[in-house]
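Peer 1: Listed below are the residues making up each chain.
Protein chains: 2
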Amino acid sequence: MPQLGLLPRRTWAALLSQLLRPPHSACIPAVGCHSQVAEAVLTSHLKPHQEKPNFIIKIPKGTRDLSPEQMVVREKILDMVVSCFKRHGAKGLDTPAFELKETLTEKYEENSGLIYDLKDQGGELLSLRYDLTVPFARYLAMNKLKKMKRYQVGKVWRRESPTIVQGRYREFCQCDFDIAGQFDPMIPDAECLKIICEILSGLQLGDFLIKVNDRRIVDGMFAVCGVPESKFRAICASMDKLDKMSWRDVRHEMVAKKGLSPEVADRIGEYAQCHGGISLIEQMFQDPRLSQNKQALEGLGDLKLLFEYLTLFGIAEKICFDLSLARGLDYYTGVIYEAVLLQTPTQIGEEPLNVGSVAAGGRYDELVAMFDPKGHKVPCVGLSIGVERIFSIVEQRMKTSFKKVRTTETQVFVATPQKNFLRERLKLIAELWNAGIKAEMLYKNDPKLLTQLHYCENTGIPLVVIIGEQEQKEGVIKLRSVASRKEVAIKRENLVAEIQKRLSES
Amino acid sequence: MPQLGLLPRRTWAALLSQLLRPPHSACIPAVGCHSQVAEAVLTSHLKPHQEKPNFIIKIPKGTRDLSPEQMVVREKILDMVVSCFKRHGAKGLDTPAFELKETLTEKYEENSGLIYDLKDQGGELLSLRYDLTVPFARYLAMNKLKKMKRYQVGKVWRRESPTIVQGRYREFCQCDFDIAGQFDPMIPDAECLKIICEILSGLQLGDFLIKVNDRRIVDGMFAVCGVPESKFRAICASMDKLDKMSWRDVRHEMVAKKGLSPEVADRIGEYAQCHGGISLIEQMFQDPRLSQNKQALEGLGDLKLLFEYLTLFGIAEKICFDLSLARGLDYYTGVIYEAVLLQTPTQIGEEPLNVGSVAAGGRYDELVAMFDPKGHKVPCVGLSIGVERIFSIVEQRMKTSFKKVRTTETQVFVATPQKNFLRERLKLIAELWNAGIKAEMLYKNDPKLLTQLHYCENTGIPLVVIIGEQEQKEGVIKLRSVASRKEVAIKRENLVAEIQKRLSES
Chain A
60 MPQLGLLPRR TWAALLSQLL RPPHSACIPA VGCHSQVAEA VLTSHLKPHQ
110 EKPNFIIKIP KGTRDLSPEQ MVVREKILDM VVSCFKRHGA KGLDTPAFEL
160 KETLTEKYEE NSGLIYDLKD QGGELLSLRY DLTVPFARYL AMNKLKKMKR
210 YQVGKVWRRE SPTIVQGRYR EFCQCDFDIA GQFDPMIPDA ECLKIICEIL
260 SGLQLGDFLI KVNDRRIVDG MFAVCGVPES KFRAICASMD KLDKMSWRDV
310 RHEMVAKKGL SPEVADRIGE YAQCHGGISL IEQMFQDPRL SQNKQALEGL
360 GDLKLLFEYL TLFGIAEKIC FDLSLARGLD YYTGVIYEAV LLQTPTQIGE
410 EPLNVGSVAA GGRYDELVAM FDPKGHKVPC VGLSIGVERI FSIVEQRMKT
460 SFKKVRTTET QVFVATPQKN FLRERLKLIA ELWNAGIKAE MLYKNDPKLL
510 TQLHYCENTG IPLVVIIGEQ EQKEGVIKLR SVASRKEVAI KRENLVAEIQ
560 KRLSES
Chain B
60 MPQLGLLPRR TWAALLSQLL RPPHSACIPA VGCHSQVAEA VLTSHLKPHQ
110 EKPNFIIKIP KGTRDLSPEQ MVVREKILDM VVSCFKRHGA KGLDTPAFEL
160 KETLTEKYEE NSGLIYDLKD QGGELLSLRY DLTVPFARYL AMNKLKKMKR
210 YQVGKVWRRE SPTIVQGRYR EFCQCDFDIA GQFDPMIPDA ECLKIICEIL
260 SGLQLGDFLI KVNDRRIVDG MFAVCGVPES KFRAICASMD KLDKMSWRDV
310 RHEMVAKKGL SPEVADRIGE YAQCHGGISL IEQMFQDPRL SQNKQALEGL
360 GDLKLLFEYL TLFGIAEKIC FDLSLARGLD YYTGVIYEAV LLQTPTQIGE
410 EPLNVGSVAA GGRYDELVAM FDPKGHKVPC VGLSIGVERI FSIVEQRMKT
460 SFKKVRTTET QVFVATPQKN FLRERLKLIA ELWNAGIKAE MLYKNDPKLL
510 TQLHYCENTG IPLVVIIGEQ EQKEGVIKLR SVASRKEVAI KRENLVAEIQ
560 KRLSES
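These protein sequence lines map, in sequence, to chains A and B. Just so we're aligned, residue 60 is where the first sequence starts under this note's numbering, counting upward by one. Just so we're aligned, residue 60 is where the second sequence starts under this note's numbering, counting upward by one.
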C-alpha cells in the first residue's frame, strides 16, 4: 500500500484507526445525531403577528446538512484526496456553481433532463453545473489553454431520484483530477488509474477493482453486433445500467424501449459477459468480428499499452478489462474506467452497504473543441472521486463504532472556581489567543467549577488554566491536565511558554 | 499584533512577504493572466456537423473562475480565517447551496429581490442561499439545538449589479462564525469583535477600524427623531448606504423616496454624524432625547459593557461607536458592527482600491424563533469575513509585484537524457509517489533533457532525478538541485531515503 502525503497522513491514520476498529473503550453515542434529526419535518409559524399559514421546515429533497461530526470526517477524506492530487503535480481551479444554460446544453444528452435550471429573472439563462468536467473544458477553451493538470473540489447538482441510503444525493461533492494536452498515448491515462489506486488504498476502504474499457471498443462492438449508428449512445446508456440491473432487464430495455432486434442484443450480451486481464485483450485482438473493426482495434491497442504501464506502476492486478463497462456520460471518446469496492468490510453489527462505484473517469478528446471558436482540439483524460459514497461508508462505520469524534480542536480551557473572575478570565484568554493557542471559556459571568470541568471532559479539551483568589494573590495560575486531574502552579508570566511546551510534547 | 495559528502561520508569512513587498529580484509577470482572458467573449460553433447557430462562450455575469494563481492566494486566506475560527473553539457545518424558497422568504425584506430562484421543474420551489446566517438558524431550529459555536465557509449568491473592480460579485465566498445560545450579556459579542481583529491583523491588510452600533440605538434614535415605526426598516436601509453615498444623497432618498419629513431627516442627520469611543456612549446616555427611549438605553448599556470587555481584550482602540452604522440586513436585533480598512497601503505603481467593509456582523436574537414551531428563541451573534474583498486587495498587489507564485507543490521531477527510458521513468516515479513524494515527469516517450530541465525551472520544482544508460549500468541515479545545478550520484536503492532527507532539510 502506498504511503500518503507527509502532512495529513498521521492525523488521518489516527482518525481511521479510531473509526474503523470495533469499540473498546469510550462508548458515547455522539455521532450522527444531527443528521437523523435533520430529516424530521417540523411545522412552524412565522413572526407571531403575521397571519401566514403554517409552513414546513425542511431542507430540499436529496440534500443534507453536514453536522460537525460529519464535517470532521469529510475534511479528513478531502484532505487525503487533495494531497494525492497535489502529489501528482495538479494545480487548483474554481469555477462558478452555475454556467450559462447553453454551456451545458448537448454535453450530457441522455441525462440533460437532470440539470437544474435557474428561474428566468431577467438577464442570462443559467443552470447549476452537472459535473466539474464541462466547466473545466469551457475554462480551457475560454482561456485558450493547450495544456493543464488541474484538480477541482466542489459541489455539483443533479435532479436524480435520491436514494439516500446508497450515498446518492441531488447535491453532492466531486473531487476531479484531469490532464489536458496533446501527449504520447496512455501515459496520462495510466497516471489517472494510479491516482485512483493511491486514493482508494489510502482511505482503507477494503479491496477494490477498477474496470477498464474503451469507448472505441464499445462502439466497435456495437457496430459488429449490428447496432445502427444512430442508436449507439442510447444503447450505451442502457449498457451503463448493468451494475444496477441484470443483463435480462438491460436486454429488455434495449429491445422493447430502444427498438433493438433481439439477435443484436444477444450478440452484445455475449461480449458484455467478458472481463479479464491482458489475456482478454489478446483474445479480443483475435475475435473474428471485433478484429474487423478499425475503431475497436485502436482501442484494443491502447488498452494493451495501458496495461503495460499499469504493470510498471505495480497496479495491474487491480485493473480488469470489462467489455460491459460503458459509462453514461456522452463526452467520453477513449479509455473509460470505474472503480468498485469488492465488498464492504463488515464489522459486528454493521449493515452491508451497497455504494456502487466510488471513482470513475475516462478520456474526452472532443469536449474542449465544442467550446473553441475554431474547433481546436485539446485532448483530456481525468477522474472523479465519489467522495459522497465514501463518506457514507465511513459514516456507517462511525454509527456502529460509537466512538466519539472531537469536533473542535480547543487545547486549553480557562476556568475559575470563584465568582467575579470574568475580567481575569477575559484577559487570560486573550493572551492565549494572541499566542496562537486554541482556547475556550464559558460565556457566563460566574460559572460553577464543576460545569467548567465537565465541559472539558465532554468536548475533549486536554488542558485547563484555573485562576482564582489564591492564584491571583500569589501571582500564579493553576494548570490542570483533564486526563490525569493533576494540577501544578505556574507563574503567571510563564503561562504561555509552559502551555506551548506541554502542547509540543503531546 | 496577535500571532496566528501554529501551522499555517509560517507559510502564510512567507507568502505575504513575497506578495506585499515591492519587486526586487524575480520579474516574471505570470499572475492573473487567466482572469483577464476570462472576461474575453468568444463566439463558437458546436459540433461541426450540427446546424446550430453560433453562441457566445462566457461565464455568467458577476461570476468568475479562480485561476491556479488565484487559488493559491484564496487557500492561504481561507486557511488563516478558518484557523482563527478553530482557535476560538468553533465546529464546522455545511448546508446545501439551495434552500426551500419559503425558508428564505421574509428574512431579507428590502433585499429579497436579490435572491436567485431556481426554475420550477416540478417538485419543490427552491432558491440559492443569500447568506450563511439564515441556513444556520434553520439548522438550529430543525435540530432543536439550543447552543452551538460554529463556522461555515461557502459560496452565497446575490443578484446585485456587479461592480467587479470593487471585489463585489454575484457569486462570492463567505466565512462565517456564530455563537448561538443564551449567555451572559456581551461576552460572545466581544469575542466576535476579537476574532475580526485577529483575522484582519493576521492578514496584514493595513490599519482598520471596526464601527459598532446597536439596532436598539438605531430604532430608538429613529423613534425620538419622529420616524413612524412602519418606516424604521426602510429608513434603516437608506442609512446603511452612508458608506457609499453622501449624507446629502441619503437624506434626499429618505425624504423624496421614503416620504420622511425634512425635519425628521435632519434630526437623524445630527445623530448620524456622531462617532467616537466610550466617551460618546456616556454622552448619549445624557442626550436629552435619546435618554428618554428605553430601547436606546438598553443598547447603550450593552455597548458600555462591550467596551469594557474589549478593553480587557486589548482591542478597544480598534473599535469606534458610530451612530450612522445601520447594517442592511433585516434580522439584526442588538449589537451590529462593520470593519473597514482605513486605507489601502499603496505601493509604487499600485492603484488605490476601494473595497468597502471587509468584515461585518451582529446580534440576531429572533431569527431562530422564526423557524421554531413553538417560537422558542435561541439568541445568536456572529460575524462574516468578506474574503472576496480581501482577495481583491491581495490580487491587486500581486499584479503590481510581478512575483511568480508557485501553483503546484511538486518536489521532484523524473528526467532522462536518453531515448527509450519511459519505462524506467514510470517505475521510478511510482516509487516516489508510493513514498509520499510529490513528483512529476513529462508525458512524452522521449522528451529532450533541456525541455525537462526548463519545466523544472518554470514551475519551481527544486529536485531532479535523472536516469540514463550510464546510471542504469552503474545501478545509480543522479540527483540534481535545480537551483545550484549540482548533481550527485546516489545508489538506486537509497534514492527515496536520500530525497526525504533533502526535503526535510529544506
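Please note that the accuracy of each hint is not assured.
Any copy, or any two copies together, can satisfy a pair, since identical chains are not distinguished.
[Stated by the list, open to error] Distance condition first, Cα-Cα at most 16 Å in a straight line; then the derived EDC-like pairs of lysine to aspartate or glutamate:
hint: 1; residue 1: Lys117; residue 2: Asp431
hint: 2; residue 1: Lys363; residue 2: Asp266
hint: 3; residue 1: Lys532; residue 2: Asp176
hint: 4; residue 1: Lys507; residue 2: Asp243
hint: 5; residue 1: Lys507; residue 2: Glu219
hint: 6; residue 1: Lys353; residue 2: Glu376
Everything labelled a hint here was simulated from the structure, so no lab data went into it. Since the structure is predicted, the reported quantities are computational estimates derived from the model, not experimental observations.
Peer 1: Name the hints, by number, that the structure is in violation of.
Peer 2: Hints 2, 3, 5 and 6 contradicted; others consistent.
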